[in-house]
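Each protein sequence line maps, in turn, to chains A and B.
Each residue of the first sequence is one higher than the last, beginning at 9 in the working numbering.
Each residue of the second sequence is one higher than the last, beginning at 9 in the working numbering.
Simulated from the structure, these hints should not be mistaken for laboratory data.
A few of these clues could be false.
[Stated by the list, open to error] No farther apart than 25 Å at their CA atoms in a straight line, the calculated lysine to aspartate or glutamate pairs in the DMTMM-like style are these:
(1) K228(B) to E19(A)
(2) K451(B) to E216(A)
(3) K239(B) to E223(B)
(4) K228(A) to E216(A)
(5) K213(A) to E19(B)
(6) K212(A) to E382(B)
(7) K32(B) to E43(B)
There are 2 protein chains.
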Amino acid sequence: MSLSLCLDLYELTMAQGYFIYKTKNRASFDLFVREMPRCRSYLVAAGLQDVLHYVQGLKFSSADLDYLRGLKIFHDDFLGYLANFRFRGDIWAMPEGEIFFSNEPVLRVTANIIEAQIIESFLLNTVNLQSMLASKASRVVNAAAGRQIFDFSLRRAPGIDAGIKVARSAYIVGAMGSSCVLAGKLYKIPVAGTMAHSFVMSFKKEIESFLAYAETFPDKSILIVDTYDSKKGVENAVLTALYLKEKGYSLLGIRLDSADIAAWSKFARRRLDQAGLKEVKIFASGNLDEFKISALLKRGAAVDAFGVGTHMGTSSDAPSLDVVYKLSEASDENGRFYPTMKLSRDKATLPGRKQVFRIIGKNGRFTGDVIALEGERIKGRPLLSKVMVSGKVVREGPSLEKIRERFKRNLALFPVGLRNISLRQRYPVVISPGLKRMIFNLKSNLKASQ
Amino acid sequence: MSLSLCLDLYELTMAQGYFIYKTKNRASFDLFVREMPRCRSYLVAAGLQDVLHYVQGLKFSSADLDYLRGLKIFHDDFLGYLANFRFRGDIWAMPEGEIFFSNEPVLRVTANIIEAQIIESFLLNTVNLQSMLASKASRVVNAAAGRQIFDFSLRRAPGIDAGIKVARSAYIVGAMGSSCVLAGKLYKIPVAGTMAHSFVMSFKKEIESFLAYAETFPDKSILIVDTYDSKKGVENAVLTALYLKEKGYSLLGIRLDSADIAAWSKFARRRLDQAGLKEVKIFASGNLDEFKISALLKRGAAVDAFGVGTHMGTSSDAPSLDVVYKLSEASDENGRFYPTMKLSRDKATLPGRKQVFRIIGKNGRFTGDVIALEGERIKGRPLLSKVMVSGKVVREGPSLEKIRERFKRNLALFPVGLRNISLRQRYPVVISPGLKRMIFNLKSNLKASQ
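Whole structure, please, built from the sequences with the hints as guidance.
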């Protein structure tokens, strides 16, 4: 299915307006998060790969144009323009896996104003979804304090797109793998799985189901032990593990999916250890999120790995980011740019073509960010780099493994308090002197001139 | 992109186990919502069309099989089985737009156990997303008390899939249309749009932008009036409307997107009426949900139509449903079925092949539902009907318009309290005598036999 028409109607109606009045005008738009969700101390950029793929390939088929013509709001010459549409502008962006904060442009588009407008909806949708999921998953990984996290979200992620992207986003921030096979195939992410209650229930006795599974996967079995009675389930798992051991194999683990995971995991660990099965791991799942994982670990749960689904796949406590795509400068017909800003109370925007600088302290750690005008001399690491020029991707993005490594390295350089899941810590983000001056001048001019 | 591998790895590992031990066994699974979200009095079924399309077309390509082979956990004979895989089972389901409650099977699969297992993840993901969105959108429509609702969710819906499906789901429950052009094309939903702040900002003066837009869409313009100063914005809209009127056209509306919508809508209504522009409608948008819409109307907001985005597109207060897919009966090799159930505390399931009956009172209104065994004689309307037999769709689903009409008609027959957005009302759903007996017998047997 072509996603070219995956945009809000007003992108096209405005485009037709621009087509008549501003064919040659250019513009810059910033994509940023207006406000951090109350419960996040940092966000993680993700989605750029999909954005670039979409933008580079965007064109309208004759079926698309037929549909638009049928709406009876578009002029023939504008539809003719769409028939030859290609995005030919420039995009600057933070790399995937970069940590960012509110008001910082994650992505900046400079293009003919029609082209810049038409890609808005897809860019917002994509960066919102993937950055939201990566940011949530990073909290889950932080809470697990070194235990493994597996993404089990597919069944309750909001849609197939989300179900695939949560696997990728969680992997970027340190999850070990995903249950989603398609994500594994598409992104070369390790895939993992256990067994469901239904498998146990489909046999007359639990022990039969365990043995059948163990015979099928003698080195890879994780047995779910709480279908009927967790105590008996653990005993049956012990029997199965001993059977495998005798044959020279090893049970990979057991899974607890309901009831009191802290208590049952300790019970199971004791029983497994008593039986000489120290190598058998304990997996936990069942409506987990970062808070429940943290509480389980505080209670001494003997869990080696967590399977996290619904809460991670929906970012349940913050199921969207306040992403916006705002005009920051426009040009006249001759390409002379002037900065623009929106003044609505609480929704004012930052004008001009901007760069974000990350300030590095003496010990190499990050101490704050500066949102500045492009070209301002700020001593820090610029976060936005050129990823598309004249509609062509400048270079292939890094591999997912590289993105993952980079994220881990960077996160360690931020104040450690940012990783606290319960207390929001504010990271210093300031506006540069040059940008402040531009805002001051623009505000007075705009109000007066309307 | 083929979605065949859009499943949890354990579906395939269990399938391999079944392939070895239960090649000929059949099973029934129920798809249902375990618990209503705290804030919902009813749910709306959606997603069946996509489910049937997926199931009927499901097969594994050689690229899929190559990927699976590379995982080194699947046997060659099982991969050979997958190469020829087709779903050949039966599906019973509630029609799209049906209202349902917790524990009621929305969909029931009876098939070879491998086939029934392999489709699980996709079914859960799809029914979860679309039913969740339809249920949330229905609350928004209820809150608007007759004013129009438009779906503006695309940009912050969790992914492209969600962005398209929210348009369809909201339309089922009474929204007037969507901003999502692709949804319009795919589902023949009316598409709608206004203009963005960026359009205004791209002109030197607000009035220039209004006139340019009005010239482009003389009969379809909705002008956003709060880019700089809402008061001046309304005045500029009045000027534009009068200009259009002189030319024989009519301004469709203005849009308020920030600040105090109740106060500004009343101000705008007064100014428009004073200027003889009673026909110009007022649209409101900006982070709206059912509660904000209800509060605005209580404050007398003069709003004709609401554009609702983020909260509807994410179902923000309940961003997932507690959907599960549970084995309710299994067969031996000779096709003799026996009921199964899971006993875990709080997560017990209902055994047997079931039907849901909706009881109709003397006045034709619905008074309660009964979850019964198939074949039990219950005086009520059965909600599950056969939609797929031996892997073939039995008949085309109704058109979206029909689904929409049916939903509206049905909702009106439920107790009116269910439409209250603030107070959760419990609709009576009971278990039939036959099902109760089966549960009682099974519980004692199962616990004893493990």
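Now the hints, each set against the structure:
no.: 1; hint: K228(B) to E19(A); in the structure: holds, 15 Å
no.: 2; hint: K451(B) to E216(A); in the structure: holds, 19 Å
no.: 3; hint: K239(B) to E223(B); in the structure: holds, 23 Å
no.: 4; hint: K228(A) to E216(A); in the structure: holds, 17 Å
no.: 5; hint: K213(A) to E19(B); in the structure: holds, 20 Å
no.: 6; hint: K212(A) to E382(B); in the structure: holds, 23 Å
no.: 7; hint: K32(B) to E43(B); in the structure: violated, 34 Å
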